[in-house]
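**Student:** What follows is each chain in one-letter form.
Number of protein chains: 2
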Amino acid sequence: LVNILDLIVKKRDGEDLSRAEIEGFIDLVVRGEIPDYQLGAFLMAVYLCGLNDEETLYLTEAIARSGRMIDLTNPDFPVVDKHSTGGVGDKVSLIVAPLVSACGVGVGLTAGRGLGHTGGTIDKLEAIEGFKTCLSEDEMRDALQKVGCFIASQSDDVAPADRVLYSMRDVTATVESIPLIISSILGKKLAVKTDGIIFDVKYGRGAFMGDRARAEELGDGLKRVVEMFDGRCMVTYTEHNSPHGRAVGNAIEVVETIGFLRNEKVDEGLREVCYRVGALMLVIGGVVDDIEGGKEMIERSHRTGEGLNRFARMVEFQGGDVRVVDDVGIINLADRYSVVSEQCGVIEMIDARVVGELVRDIGGGRKKIGDEVDASVGIELMMSVGDRVERGDVIANIYCRDFSSNLRERFLSAVKLS
Amino acid sequence: LVNILDLIVKKRDGEDLSRAEIEGFIDLVVRGEIPDYQLGAFLMAVYLCGLNDEETLYLTEAIARSGRMIDLTNPDFPVVDKHSTGGVGDKVSLIVAPLVSACGVGVGLTAGRGLGHTGGTIDKLEAIEGFKTCLSEDEMRDALQKVGCFIASQSDDVAPADRVLYSMRDVTATVESIPLIISSILGKKLAVKTDGIIFDVKYGRGAFMGDRARAEELGDGLKRVVEMFDGRCMVTYTEHNSPHGRAVGNAIEVVETIGFLRNEKVDEGLREVCYRVGALMLVIGGVVDDIEGGKEMIERSHRTGEGLNRFARMVEFQGGDVRVVDDVGIINLADRYSVVSEQCGVIEMIDARVVGELVRDIGGGRKKIGDEVDASVGIELMMSVGDRVERGDVIANIYCRDFSSNLRERFLSAVKLS
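Line by line, the protein sequences are chains A and B.
For the first sequence, the working numbering assigns the number 1 to the initial residue and increments by one for each residue that follows.
For the second sequence, the working numbering assigns the number 1 to the initial residue and increments by one for each residue that follows.
No lab work stands behind these hints, which were simulated from the structure alone.
There may be inaccurate statements among the hints.
To be verified - Cut-off 25 angstroms, straight-line C-alpha distance, at most; resulting in silico cross-link-like pairs (SDA-like, lysine to any residue): (1) Lys-367(B) x Met-168(B); (2) Lys-10(A) x Asp-211(B); (3) Lys-10(A) x Asp-13(B); (4) Lys-193(A) x Phe-77(A); (5) Lys-10(B) x Ser-177(A); (6) Lys-367(B) x Asn-3(A); (7) Lys-10(A) x Lys-368(B).
If we strip away everything but chain A, and leave its shape as in the complex, we get (with noise of 0.2 angstroms):
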């Protein structure tokens, strides 16, 4: 066993742990036999010291290792995974899947849930009446075989270590350290093995990532851990100041995923992020060549319904109420408040973060681990980035329990007009 006080010392001196010292520390977060003052003291050193590629490796394995591992792949056709950096009105997952898996590529997408600002796949899918989240590992290799795609969370038994961590960072300021997200990341990802995955790491207001440097310095770790990994995957960057698309909450998100499938209300921004991820995740899964074909691919399975009627197969194998594909009426939402424009001009950014922690104190998200979220809630923008809003416009529908002026005045004071 080693002795985290021993483990301390040399990160706080700049010193690189081996790889017998990171395992042993998993070991012992797993255990629970690390004092709580221990591991904040550890986790400030690791954010402010670093770790390098081994040691962010090492780190990932025994964060993968810590729990049950599963294995998607087969010898019938390819199985990808995506994973985003997390943003607000980020409904990509929901979409790719289905339409990812109607071009031959299974999708076996293993999901979160929503913490501060951000939105989780899960908690919106959650927003379905009847659909489980919850899949054993036969489900999965089932849902690969019946319908191509599932999205599932991950389940406590899966890199058990990374929760402990992940609770514990969430609470000492350490979240925002680079090697640190990148063993979060991947210790719960590699933990599920598939052929490859594409990251979309977002950067900008709605994302962690302030900026493209440091969206671009988690791309590369992701990358080159991976590849330390042996594992495949590749890299796409997302511009993310505005929220994705039209709608931010999870209710409000389905009703426009559905929309979108539908092709009856398709967001230009969402559609871009949408066919490129997709695109990207049948050229890893070696369906395609390049990016160009799969976007081809892609646009065919979108216009054709086939991603739709995909859609559909998923819900009801996870024992969602289908009909939600064809009447969106049936998903529950709160009462409506319509927020109207008190100036004029061209919009040129809706701040997603603003909107984002709008939805999470209305309800919609969580401000710790474990709080409850109450799905209907959320806002629907009625005019996106480069629309021209006159005075009086409607330019957003918020969704909520309790309406007040301050909700509609902090909704405004996050569009920004030329």
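With the hints as your guide, set chain B onto chain A.
**Tutor:** Showing chain B alone in chain A's frame:
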């Protein structure tokens, strides 16, 4: 109330904390309202990002004010204090308190217990049967009036915040931070007001500061913060590679102290430190102009037996068995085992750290706060640096419960011959 997470973020990002923030932090520490993980993370952020002089002053003041404040000054005579940064065989306080008070400067000395490889003044005094180190404020004033000096333990209600922080630093590898060391030393020292303090900052193998540069960094910091606090102090630096004097261990150091004050067995190295520190106490007390004048005065009080007399009165006032002054034989020592040199040469160094750890390990010190200490164990050096040793010479006596050849070898490994 301040939010501890905000303070962690600020310090982590290298920003300066305000007086209100630091006062709020100490307030939370005293209330016990900071979760361990956040205290650990905050201390590591301070360790790695540092505190500037203002922040160190604010922290010191807040620690000093976290409990009872004592004022030992009086209109009749100056009262001074001294502080050593810790050493092996460091019985300087026991010797200089009576010598200085015999020269007309009151000595109000508050001291601590030993930790790690270094000894503590309070542990040493408790080797005298009946000696009471816990004095009330009235008893302290009374001792200054009737005896001229006292040596008391820092009571629990003085600077309580330091106790919480110190025990936390000990287990989070954040002890060796100069601003934290300064605020810990001064938080306790400045809670007890005197007319001036002498800091004996040690460096070398036996000290916490490995080299002179780091000792000066600490000494300069102590001076700057005391002056910002409108206090007076002087700093002296003492090289400390070999133990101070001949005895290391609580009871055996009392034996050496009495032999020294009786002018019977005087180690020249120990005399140099005691005269220098004592002279500075007289300078800051205002009874002499310079260190040379001070040394002459100290030498006189030593030679005439006035110092010994004060020591006896101090022991008597504090309830100790005063017969020890005439007969050190009544002091309880463990069984004695002689260590014979297996080589010959001139002694270049007797590694104080190795000796300190050896005495700690045979029961004379603490591995952690609260451990019991056995006053009767220790090491008596029969030779010191510069002496020529022949094979077969008795180089030291070890007083312990269970002697083993391993102890002999550990001791001999400390002796560097040329």
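**Student:** Could you work out which earlier hints the structure fails to respect and list their numbers in ascending sequence?
**Tutor:** The structure breaks none of the hints.
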